[in-house]
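Chains as they are written, first to last, in the numbering used here: chain X, 1 to 311; chain E, 1 to 228.
Everything labelled a hint here was simulated from the structure, so no lab data went into it.
Since we're looking at a predicted model, the values are computed, not measured.
Careful, some of the hints might be misleading.
Unchecked claim - Under the rule of at most 20 Å between Cα atoms (straight-line distance), these lysine to any residue pairs were calculated in the SDA-like manner:
1) E:K124 <-> X:V203
2) E:K124 <-> X:F204
3) E:K71 <-> X:E193
4) E:K71 <-> X:F29
5) E:K71 <-> X:T194
6) E:K69 <-> X:V203
7) E:K69 <-> X:T194
8) E:K150 <-> X:T2
9) E:K69 <-> X:W239
10) E:K69 <-> X:L208
11) E:K71 <-> X:L177
12) E:K71 <-> X:R178
13) E:K124 <-> X:A180
14) E:K124 <-> X:F182
15) E:K124 <-> X:L208
16) E:K71 <-> X:S109
17) X:K155 <-> X:F29
18) E:K71 <-> X:A180
19) E:K71 <-> X:T2
20) E:K124 <-> X:E193
21) E:K71 <-> X:A175
22) E:K150 <-> E:S16
23) E:K71 <-> X:P205
24) E:K71 <-> X:K155
25) E:K124 <-> X:R176
26) E:K71 <-> X:A179
27) E:K71 <-> X:E202
28) E:K177 <-> E:K69
29) E:K124 <-> X:L177
30) E:K124 <-> X:R178
As the list claims (entries may be wrong) - Here are the in silico distance ranges between beta carbons for each label pair:
31) X:F284 <-> E:P111: 50 to 60 Å
32) E:R129 <-> X:T108: 27 to 37 Å
33) E:G125 <-> X:F172: 48 to 58 Å
34) E:G125 <-> X:F272: 47 to 57 Å
35) E:R129 <-> X:T32: 41 to 51 Å
36) E:R175 <-> X:F172: 25 to 35 Å
37) X:H240 <-> E:A63: 52 to 62 Å
To be verified - Take a look, some chain E residues computed to stay more than 12 Å from chain X by CB distance:
38) F20
39) M65
40) A103
In this text, a Cβ means the ideal position worked out from N, Cα and C, and glycines have one as well.
Here are the chains, one letter per residue:
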Amino acid sequence: MTREFWINGVLALLLLAAPFIALAFGESFYVTLATRVAILALAAVGLNLALGLGGLVSFGHAAFFGIGGYAAGLLAAEGFTSMPVIWLIGAVVAGLVALATGAVSLRTSGVYFIMITLAFAQMIYYFVISWPTLGGEDGLSLALRNEFPFVNTLKPLDFFLIAYGLLLLALFIFARLRAARFGAALEGARQNETRLASLGIEVFPVRLWAFVLSAMITSVAGALYADLNRFVSPSMLSWHMSGELIVIVLLGGVGRLFGPVAGAAVFVLLEFALGGLTEHWQFFLGLILLGTVLFARGGLLALFAGKAHHG
Amino acid sequence: MSLLSLSGVKAFYGPSQVLFGVDLDAGEGQVVALLGRNGMGKTTTIRAILGLTGRRDGEISFAGMPLRKLKSYQIARLGLGLVPEGRRCFATLTVAENLTVAARPGAWALPRIYELFPRLAERKGQPARTLSGGEQQMLAIGRALATNPKLLMLDEATEGLAPVLRQEIWAVITRLKREGQSILIVDKILAELLPVTDSCVILERGRTVWAGEAGALTSELQERYLGV
């Protein structure tokens, strides 16, 4: 077992233990904080599939996060309150949008890919805020959290466990994909497209499927985020959100299995600790990101676990 | 019928023409050597076959199929396996991943490749970037074999390797030939190349200037086209 394996285990246990410890001290607020970590980590696991394994710097993942959120808000308003159904519908819609936008964007690469994914996300953002049924700039609020079989989702701990369970599932899917031939082809394409083509593998569909799967995972996180806040804000679709997801992946470690978890934890803790002191907390986040990129390429996990096996 | 046939092939990198008329025939089960001094178009010919150059003209057909309109990955799938110059494995993937990513069904399954290169079996789980040069070369050959090619193309497979390792690679090539594998090979060391070669094609300035049996390659021809 490598050091990274143990560090991953510790991270998973810490995140699981945090809400129990918080409740033991009667501080249910920290349960919400841990839930936020789990949800943002889940969204970033999705992005990590495209960005980390595929080298596809999508600056438009807020679109998929938002689609999940709006699926939760709209379906709840229509009386469909089952979480699994909402996740499924949100993921299918996000997947279809990713299929369409990916089919166009993946014909470009590098900075053009970044810009075209941003452009698509902005189109969706402006479409949503200008359509009254979707709440316009006011967003949608949910009267209650949606329902999950046998669980009272309004209890902070129960809701945390749902988010945590989904995070583990997404991490499992990520690990399996990375170990599969699909993951190897995706990484191979990042390193050298022509080399992969000369082995008889068509690069485009590999990337497209990675992009679609990535979007679907991120959309589930968006639905949970809407339920966490009982509110769907258009800011979930904004380019700031896309940027935050990229920052989380970079902070934790690009392409690392638990990179998004470490990144989301640091991001949420900084936001909480520094956000209380100054509203310009992102200045310090910027400094930390700068430090990570300059001195710990491969993110926090590289700092503690050494060089990536994949990466 | 020949497996691979090139006739009057021209190729361009951007606006500059590199191949001016390459003719080549490789029969089933044969080892064909592509010879010529540096910069005469050997690697470009191989790249042109796979559609990796820019524009290309002339007739290229493989197993009776014209390749002109096909994309690189489609050409490779017809059964062309490339061992590129300078090894070029996927650095961060492990040995096993490098092989499985290429694998297509056929006689060359992974266990058979590990049997051919026991060293790769020992280093299965290691990232390719941690292998020595010779091991990376074995991996590049193994990866091409994993695609179960009808024609294996080796571009400078022994370049920069120590004599012991070169002999290991030549032993493998000899074994592949004995098993009936068709091979197109580029190499600089004639003394090692000619014993396994059936026929030769010599390129000069992007043109085929001589083609014939390996035995007919006289020292006078070698001096004229290959001497430094």
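Given hint X:L208 paired with E:K69 - CA-CA distance at most 20 Å
Violated, at roughly 24 Å.
**Study point:** Pair hint E:K71 and X:A175, alpha-carbon separation not exceeding 20 Å
**Key:** violated, 32 Å
query: Should the hint that E:G125 and X:F172 are 48 to 58 Å apart at their CB atoms be regarded as holding?
result: For E:G125 and X:F172 the Cβ distance comes to about 21 Å; the hint is violated.
Can the restraint linking E:K124 and X:R176 be considered satisfied, given a maximum Cα separation of 20 Å?
-> holds, 18 Å
> Between X:K155 and X:F29, is the straight-line Cα distance small enough, at 20 Å or below?
Replying inline: Holds, because 12 Å separates the two Cα atoms, which is no more than 20 Å.
Checking one constraint from the list: CA of E:K71 to CA of X:K155, max 20 Å. Satisfied? violated, 56 Å
Take the C-alpha atoms of E:K71 and X:A179, compute the straight-line distance between them, and say whether it is at most 20 Å. Violated, at roughly 28 Å.
- Does E:S16 lie within 20 Å of E:K150 when you go C-alpha to C-alpha? violated, 32 Å
- Query: Does the Cβ distance between E:R175 and X:F172 fall inside 25 to 35 Å?
  - Reply: Cβ of E:R175 to Cβ of X:F172: about 42 Å, so the range 25 to 35 Å is violated.
E:A103: least C-beta distance to chain X exceeds 12 Å? For E:A103, whose nearest Cβ neighbour in chain X is about 8 Å away, the distance does not exceed 12 Å, so it is violated.
- [ ] Hey, is E:M65 genuinely clear of chain X, shortest beta carbon separation above 12 Å?
- [x] holds, 14 Å
Restraint check for E:K71 with X:A180, where alpha carbons must lie at most 20 Å apart:
violated, 25 Å
In terms of the numbered hints stated before, the structure departs from hints 1, 2, 4, 8, 9, 10, 11, 12, 15, 18, 19, 20, 21, 22, 24, 26, 28, 33, 34, 36 and 40, listed from lowest to highest.
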